[in-house]
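Trainee: One line per chain: the protein sequences are A and B, in this order. Per the numbering used here, the first sequence starts with residue 12, numbered consecutively. Per the numbering used here, the second sequence starts with residue 11, numbered consecutively.
Heads up, some of the hints might be wrong.
To be verified - With a straight-line cut-off of 25 Å between C-alpha atoms, the simulated SDA-like cross-links for lysine to any residue are:
#, chain 1, residue 1, chain 2, residue 2
1, A, Lys238, B, Lys71
2, A, Lys238, B, Leu60
3, A, Lys589, B, Asp92
4, A, Lys136, A, Lys205
5, B, Lys71, A, Glu526
6, B, Lys71, A, Tyr490
7, B, Lys68, A, Tyr490
8, A, Lys547, A, Val15
9, A, Lys616, A, Thr501
FYI, nobody ran anything at the bench for these hints, they're computed from the structure.
Residues per chain, in single letters:
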Amino acid sequence: MSEVILKVDLTKGAITKETIDPNILKKFMGNKGLAAYYLFNEIPPRVPAFSAENKVAIMCGPLIGTVVPSSVKFCVATKSPLTGGWTDGYASGTWADMLRAAGYYGIIIGGIAEKPTYLYIEDDKVELRDASDIWGANTYETIRLLKERHRSDIEPRVLTIGPAAEKLGLITTIIAEYRAAGRGGVASVLGFKKLKAIVVKGHKEVKVANPEKLEEAAKAAREKLIKNPITGARGRHQQMGTSNIVLGVNAAGALPTRNFQTGVFEYAEEISGESFRDTLWMGGSRRRPCPRCINQCTHLAVIESGKWAGIVDEGPDYENLVMLGSNCGVADKNTIATAEFLCDVYGLDGISAGNTIGFLMECFEKGLITKEDTDGVNLRFGNEDALIEALIRGGTITGKLGKLVAMGVRRAADVIGQGSQKFAMHVKGLEMPAYEPRAAFGMGLAYARSDRGACHLRPWTFGAECLGLAPREVPYLPYDTQGKGAWVKTLNDVFATVHCTGVCLFIAFGIDAVEDILPMVNAATGFNYTTEEYLKVGERANNLTRAFWFREVSDFGRDYDTLPWRCLHEPLPSGPAKGKTVPLEPMLNDYYKASGWDANGKPTKAKLQELSLDFVIDKIY
Amino acid sequence: MEAVAEKGEVIVKFMGVLRDTAGPEIMVPIKGKSRISDVLQDVQKKLEPLMDKNLLSKILKYSRLVLNGVYAPDEAEIKPGDVLMIISPAAGG
Ligand code: SF4
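Looking at chain A on its own, in the form it has when it is part of the complex:
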């Protein structure tokens, strides 16, 4: 198949179209893989994240926009202003379908516009337009305004940044058709470049190599997904989305509570998926599924009473629910749903925001900061109004509190000092998400060496370790270290491969990444990947992003693949994991060995050659 990307130079106001070399397309496939290929080659070494030379890649995978179930996940990637290294994030929804219908597989954005600008794409027509009138508008307002302006025979799809990114806060996300993408501040790089939004309208059919075979494979996948008790009709995802696991995670002692001080929240029932289902989600009937999705994990929360009455928003999903809920000691569902809404409209990363506010609450309770530092806000755990106030200030970067929230937890800890770095819960500067690693060592390893900093999906080991998705055997048991490094490495490559295809990771709970997804990829691309070639796509992407870190950060290596002090030295005080800390080093050794990396975690020349990444070698050796 031949695929075209757009290259946008905002400084020159120039837009070019480029056909992707088929060999490159086969090797890197899409999303993360292809984004890493372009960014590694096109961003000059060691330029600041906030610079004209840094670039943002928005990329699709080969299954996006096809008949395949849940084929919606696109990628946004850049050099992160939060961590200084690689970052890529994903959004679902309808935006990427439309980009492919306009005839494009991706967009690479560089330069800086003179004034606020948006990119308008309608099939072959691609233009930069003045966004001065929408600069400053929140994400939902921007989407509404641009839809109104460009509605014609079809509804335009809008991707935008919010006020937090315009003001160069560091914990920001892009919002594409009400779905968030990009941890690590991708949106702020667009804010720096003064690119407010991308509007897309497309009328073309997404072409695939073998439509009959693709339909056949997609049908088989649909049937499996429907029968599965998690992904199927009235399954747990349809009822409660990812939030269905709150009670299970709490039972395993892994629900981050009050800035990861413990893994057991006494109000877990109150904030559980079951409780949301039976109240704000009306029995799970208020779903907002992505196109062609069987799981249908997304729910619409409608707040009908109380001080936040009238707010209607998608979510909260598990991550935001926990980080804005138990991690801040908040048990009120309306407050949590409102907090998620505020993150969306300001374009804040809900995980990072909940993590940073939880940290600031602990600092406040310990007396390391006072009302002087919070502009008078009584920033105590469980104070619902304080959580909302902190998000409003963080989203608009107002006052001292707003600045502390917007800079993320690592920088906030550096400003506050007084030993607070010990409980600043981040890896490589990216805030930790909603699993307590002391209760699931595989998650600890995953966080420690993830290529964007602490990430819950690189890979997600928690289900196998603590939620019964794998048998009660080594290496899946939560406190085992034997064999864990190799297992986590293999799983991470599989996750990366699935990411590259463009299907939502959540369908991998109901179908197999190789048995079911590979035939669909082959039917769509005509590339006839063998199983080995297919899985190498993920491994190649993971090695390329690893090399990106080595190229960008002069002292990068093993010391960066670590966990917060609290996870390594402070035993959990309660729950099944009581007394545990993460024994990271032996797992890390195994991981490096299984990866073909040296003792400092650097991909060896032999490994890079094996993965056809020869062009990387002289950049990091």
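Chain A is already provided as a structure; the job is to place chain B with the ligand on it using the hints.
Mentor: Frame of chain A, contents of chain B with the ligand only:
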């Protein structure tokens, strides 16, 4: 309302897919010295009318077992009044 164990019973709580089938908890009678594996057999019998037998036995083989708040192996002893939490498959992200 939380169940209270009668003499000679253990409380079995469910998380994940089994909670959808069996509800939040059931009481399982035990006699004298028993092991978790005995209770799992009883749970299998109780739930069999509600779901596919093979799927149920796979779920029980995969579920994580927490006895009185601590992970426990199948062969751990269990006595009346104990609480066994069965964390059955669930997926999030
Ligand atoms: S599982 Fe959820 S996020 Fe994934 S495609 Fe379906 S609705 Fe979208």
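Trainee: Does each hint hold? Answer for all of them.
Mentor: Verification of the supplied hints:
| no. | hint | result |
| --- | --- | --- |
| 1 | A:Lys238 / B:Lys71 | holds, 20 Å |
| 2 | A:Lys238 / B:Leu60 | holds, 16 Å |
| 3 | A:Lys589 / B:Asp92 | holds, 19 Å |
| 4 | A:Lys136 / A:Lys205 | holds, 21 Å |
| 5 | B:Lys71 / A:Glu526 | holds, 23 Å |
| 6 | B:Lys71 / A:Tyr490 | holds, 18 Å |
| 7 | B:Lys68 / A:Tyr490 | holds, 22 Å |
| 8 | A:Lys547 / A:Val15 | holds, 23 Å |
| 9 | A:Lys616 / A:Thr501 | holds, 20 Å |
Of the numbered hints stated above, none is contradicted by the structure.
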